[in-house]
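**Student:** Make the full structure from the sequences, and use the hints.
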Amino acid sequence: MRHQTAFGATALAVGLAVAMSAPATGATAGTAKAAKPDPRSLAAASADTFVVSQPAAFKAAPKDKIFRTNVTSGLRGLQHVEYQRTYDGLPVYGGDFVVTTNASGGVLSTSVNQTEALNVGTKATVTAAQAARVSRAKVSKVSTVSSPRLTVLAEGSGRLVYETVVSGHQKRAETKLHVMVDARSGKVVKTWDEVRDAADDQSNYHGTVDLSTAATSMTDPSRPGHQCGGQGGSAYTGTDSAWGNGSGTNLETACVDVLYAVQKEWDMLKAWLGRNGTNGNGRGFPSRVGLSDVNAYWNGSYTNFGHNQANNKQATSVDVVGHENGHAIFTTTPGGDSGGGNEKGGLNESAGDIFGALTEHYINEPAQYDPPDYLVGEEVDLVGQGPIRNMYNPGAKSDPNCYSSSIPRTEVHKAAGPQNHWFYLLAEGSNPTNGNPTSPTCNNSKVTGIGIQKAGQIFMGGLNRKVSAWTHARARVATVQAAKELFAGSSTECNAVKSAWSAVSVPAQSGEPAC
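Position in the sequence shown (from 1) plus 1 gives the number in the working numbering.
For the record, the hints were derived by calculation from the structure and aren't laboratory data. The structure displayed is predicted, hence computed values, not measured ones. You can take every hint at face value.
In the DSS-like style, the derived pairs of lysine-lysine whose C-alpha atoms are separated by at most 30 Å in a straight line are:
1. LYS124 x LYS188
2. LYS415 x LYS455
3. LYS64 x LYS124
4. LYS60 x LYS188
5. LYS139 x LYS415
6. LYS191 x LYS124
7. LYS415 x LYS447
8. LYS271 x LYS37
9. LYS142 x LYS188
10. LYS124 x LYS66
11. LYS415 x LYS188
12. LYS191 x LYS415
13. LYS398 x LYS415
14. LYS455 x LYS265
15. LYS64 x LYS188
16. LYS191 x LYS139
17. LYS455 x LYS398
18. LYS177 x LYS415
19. LYS64 x LYS191
20. LYS142 x LYS177
21. LYS415 x LYS142
22. LYS398 x LYS447
23. LYS188 x LYS139
24. LYS177 x LYS191
25. LYS60 x LYS124
26. LYS177 x LYS139
27. LYS191 x LYS66
28. LYS191 x LYS142
29. LYS265 x LYS398
**Tutor:** See below:
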């Protein structure tokens, strides 16, 4: 569950007493001239009113208390207002929803995770100590175990569970595993890992670059939160701001590559997608290099980068860094990255690939560096087998091109295939005329692309409607809504979104808006 932000942590006791406080707009008492209304404040107030007036639409139960946790600004004035809930005083896992408004506060659409109102007892028969023991057994080498927290899992009418976080290692890989144990039967009913492990790309050299850093440390003063250093977590320091020596085995050089990619991704998010920083609220996350593994990952707090199998390059190319920070974006959009099983995990891995591709296209480097493409890992040759994923034809790397009922049981990196394929078809089409490769479709249809910038805007608009139980079907509805609202008055983009989803075997959904 995401932490409440400083902005508008407002409680709405839906169906009962209502206690709302309007977010601050920056105007002070006694100001002679009223300040221009803040779209975020308008959105929050309007969405709060809508939520209170339509409890059935949000599957509200008499024992629910609903909290507004964040407002994320998108393109063209769209605002995405996020909510969580408690039930009988307990946190609800999966009770989240999003209300989308226009700049003047008009409600446009909703994205609701729950399928029915909660109605569940809140007295456990299993003890917290028993739940902790069961949870601890899920991790082979345990470092820490949190105190189990009694929680309502929003499945059907609800399930009472203990949520425990077990940190440590599975084999050699770091894990921060959330384990949900049924509070009556003592059985594990759901797990999810905060550590998102993407065995992706590697160090890619950009020649001489001009980084934004502090005078004597590898911190970025213009992009708060972003810094780079070694495994201890501190930023590298020096006597001046000239960093690196260009070597593929030099870790300071690896941080040059990381910060270069991070800064370009940040700029792309603002210029193309209308997002304010990596986390959507003007901040980013630290990075570490020197991981002694053929890997890179995001663990919910920072990104960490290792090396390739040949150990002659660091895994810090643009698409790897873009991918790992893409996980951070996925985590900090509504619905977070928790739960959802392998299907949501695959959508998360695909999100990383998409943000990596978007960053490559935004930079648009010449051929001697890393020109934009839709391959993942082609420059690094991570394990000596070329690219690890192919977005225009996932099947070329033995990943599924098409969605099927087996995707929720497919390993998450392979399960990235259908959405990666969808994004390519939306951006470039099935038979591009700009030199990009052709792409097969699962229904033998022909899809016309709308360009990567528009495709990225629609994808980001979909993530801004994400709920915790994220699926390909929900992603289809959300991206259709995003296209319709971002490109009002044009049916081209909306129809392209639908055609691309159908082309990867995600059919039209109930409640999906018409173009």
